[in-house]
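If you read the sequence shown in UniProt numbering, its first letter stands for residue 1, the second for the next number, and so on.
Treat the hints as calculated values from the structure; they're not laboratory data. Treat the hints with care, as some may be off.
[What the hints assert, rightly or not] Okay, the calculated beta carbon distance ranges per label pair:
(1) Asp44 x Asn87: 18 to 24 Å
(2) Arg137 x Tyr115: 17 to 23 Å
(3) Lys102 x Ser52: 38 to 44 Å
Here a beta-carbon is modelled for each residue, glycine too, at the ideal position from N, C-alpha and C.
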Amino acid sequence: MPSEIVWNDAYARASAVAAKLGLLIGDPLIWDFTGEIKAFAALDLASSSIESLELGDKQAQESGQICIMLWIPQGKMNTPTVLSIMNAFEAAFRTQPVDPDKRWPAGLFYEGQNYTPPSFLAQTGNWYVATLMVDYRWQNITEQTP
Numbered sequence: 001m002p003s004e005i006v007w008n009d010a011y012a013r014a015s016a017v018a019a020k021l022g023l024l025i026g027d028p029l030i031w032d033f034t035g036e037i038k039a040f041a042a043l044d045l046a047s048s049s050i051e052s053l054e055l056g057d058k059q060a061q062e063s064g065q066i067c068i069m070l071w072i073p074q075g076k077m078n079t080p081t082v083l084s085i086m087n088a089f090e091a092a093f094r095t096q097p098v099d100p101d102k103r104w105p106a107g108l109f110y111e112g113q114n115y116t117p118p119s120f121l122a123q124t125g126n127w128y129v130a131t132l133m134v135d136y137r138w139q140n141i142t143e144q145t146p
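Start from the sequences, fold in the hints, and give me the full structure.
Here is the structure:
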């Protein structure tokens with residue numbers, strides 16, 4: 001199960017990039033995307049698993065993927081622009097912010113990344129989607145309450 005700490009940090013990073021680029025960004029569970037007519041980004045946690053670091057240990061490690069999708073209206077954005085936007089999102093998960101208040105939470109590690117470009121010849125409709133998948137690990141201590 002994905003942790004809210006991972007979601008909150010990923011959303012803050014992606015939102016900062018989107019704001020600098022003038023893109024809308026949304027949580028797919030609460031945003032109605034049907035009325036959008038310009039490019040926008042959406043963030044989701046694609047998968048996660050949780051394992052104890054040692055048998056009987058209270059410390060656990062969650063691992064999974066953050067999915068950032070750039071939705072592009074057909075004919076409204078060229079390939080170099082899409083690559084520039086996706087590179088900006090990628091950098092947000094590869095580098096630490098200068099502001100110490102915005103650094104990754106202790107125990108959160110961003111690792112490998114994969115980019116899936118739109119497959120223009122295979123897609124039909126009015127939208128294309130470019131996707132960035134960011135692998136993460138989150139280590140925390142499990143607190144049990146009686």
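Outcome of the hint check:
In this structure the hint that Asp44 and Asn87 lie 18 to 24 Å apart at CB holds, the actual value being about 20 Å. A C-beta distance of roughly 20 Å is found between Arg137 and Tyr115, which places it inside the suggested range of 17 to 23 Å. Distance hint check for Lys102 and Ser52: the Cβ-Cβ separation is about 30 Å, which falls outside the suggested range of 38 to 44 Å.
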